[in-house]
Amino acid sequence: MALLAAVVLFPFLWLLQMSVKPTADINVFPPRLLFTPTGAHYRALWEGAFPVSLWNSTVVSATTTLLALCVGVPAAFALSRARFRHEGAIAFWILATRMAPPIAFTLPYFLIYRHLDLLDTRLGLVVIYLTFNLSLVIWMMRSFFDATPRSLDEAAWIDGASVWQGFVRVTLPLATPGITATAILCFLFSWNDFFFALILTRTRAITAPVAVVNFLNYEGWEWGKIAAGSTLVLLPVLVFSLLVRKYLVGGLTAGAVRA
Amino acid sequence: MKRALAGRRDRTYTLCLLPSLVVLAVVTLAPTVYLVATSLTPLDLTRPATALDFSQPSGNYALLLHDDRFWNSVWVQAKLSAGTVAFQLVGGLALGLLLAVRSGFVEACRTLFLIPMVLPPIVVAIMWKVLYTPDISPVHSALAALGLPIPALITHPDWALPAIVIADVWEWLPFTALMVLAALKMMPEEALEAARIDGAAGWQVLRHVVLPYLRPALLVAGLFRLIDSVKAFPLIYILTDGGPGTVTEVTNYYAFRQAFNFSYLGFSSAITLALVAAVFLLSWWLVRVVGARGDVE
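Residue numbers (the numbering used here), protein chains in the order written: chain B, 7 to 265; chain U, 1487 to 1783.
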């Protein structure tokens, strides 16, 4: 089992060791497994424009997550507690936005952003990331609210609380673990995005994944730097996703399968 | 009194839902309408006058029907989807069964096996670019040292697509394995015991008891992978750029090229809508499958 894990994770481990390998050793065969680790690639990244792209990724992912939660959580609560006309249509539309290929949104957004001067802005990315984050929040939070007992809402009403007060003071605190998990998933999906950022940004609002790919395309084949950049992009993802691994499948299948 | 209260509650619920509906309409519905409208024009970014030219609304679609490159992309897509989904189902089933063994060590390993799936897709693509680039690939050097040199896969017409399939299977195998594992956890012990008491051998239990039980979970996992395989982008962009020639140019990638390499946004919108229609059909099937057996998990 351990051997299988090592084989499966080989591509991943190889990239990690490349990021701290001196450039002269990178394409030596047989590979030198005992080498003096170097921080040179990370230092080169730090001195270039890469920190800006990491900052852009962080700001955009955090903002879109926050917005999606503020708008989506109350909606999820309402869908969990009340019956609406056209509920089937709403559910279908949420599923459809999760399933649609990204290019279906990219084409119109590209054209509209050209007119609104939103190309290559962080705001532009925040808005397009809402297309998948809002559906994710509504879908995931709805099942978390379904799991919190209604009788607690009703008890709050008897004590004279309004629906909104009951929601804020009773149901919401109970759903905190769900909100945390949902927030992390939104952040990860935004952080991991490549396609939208590739097309909608150029230089100013460029995100870390696009910046790494630019090393590949424009700066020749500086493998050490590429590996170091990739490592910086993947580290937060690895940490956060292991925190929410219980909810991963729910998040990935949101829209068709209840989390 | 009671009625008035209930009315007020309903109003609150509606107010909670409303902002989401407005935002969804603005960020998803409006762009979709725009996409449909664009697909009815011959929009070419290098000729701005084409933006509002609705004189031949079906022009792009007529063109599409006779576009060999489009049909080639559909065929490439079919091969890619069939390859990835088949291997992910078989491999995911095997890995899921392996990980279902109850031991502390195996359970600790489960997390390790999840890693490929949670990595940023672009990083996965870069990892495989390293392995597929002969100059720096440890795999290429090792095979050469063993006297089995292999050609550069991603620039080879016969091997470029299988190379992408391998990377994609590696990335998403944990997903099907996880779905299998979740289904196995829900499996009633009695069925297994009954089969054992009847004297069934291990593989007979697997074939006649476990597999039929897992079938719906496998179908759902396969459909999910099928739908997502239509959106394949980072691997193709980084590894082959659709080439050599158009060997790995799936429909999604063809639409991307028409729009952002050649500026034909109108034609690209038509290709994209064809893609959206296919995805919707598959999603509809998925919902029916899931609905027919209630909610999984």
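Read the hints as simulated data drawn from the structure, not as lab findings. It is possible that part of the hints are untrue.
Stated by the list, open to error - Computed footprint of chain B on chain U, listed as stretches where at least three residues anywhere in the stretch have a Cβ under 8 Å from a Cβ of chain B:
#1 1543-1553
#2 1620-1626
#3 1682-1695
#4 1708-1722
#5 1736-1748
All values reported here derive from a predicted model rather than from experimental measurement. Heads up, the beta-carbon is just placed ideally off N, CA and C, and yes, glycines get one too.
Evaluation of the provided hints:
1. With 0 residues having a Cβ less than 8 Å from any Cβ of chain B, the segment 1543-1553 of chain U misses the three-residue criterion, and the hint is violated.
2. With a threshold of 8 Å between beta carbons, the proposed coverage of the segment 1620-1626 of chain U by chain B holds, since 3 of its residues qualify and at least three are required.
3. Under a criterion of three residues with beta carbons nearer than 8 Å to beta carbons of chain B, the stated coverage of the segment 1682-1695 of chain U fails, only 0 such residues being counted.
4. Check result for the segment 1708-1722 of chain U against chain B: holds, 6 residues qualifying (beta carbon to beta carbon below 8 Å, three or more required).
5. For a cut-off of 8 Å, the count of residues in the segment 1736-1748 of chain U with a CB near a CB of chain B stands at 5, and the three-residue condition holds.
Violated hints for the displayed structure, listed by number in ascending order: 1, 3.
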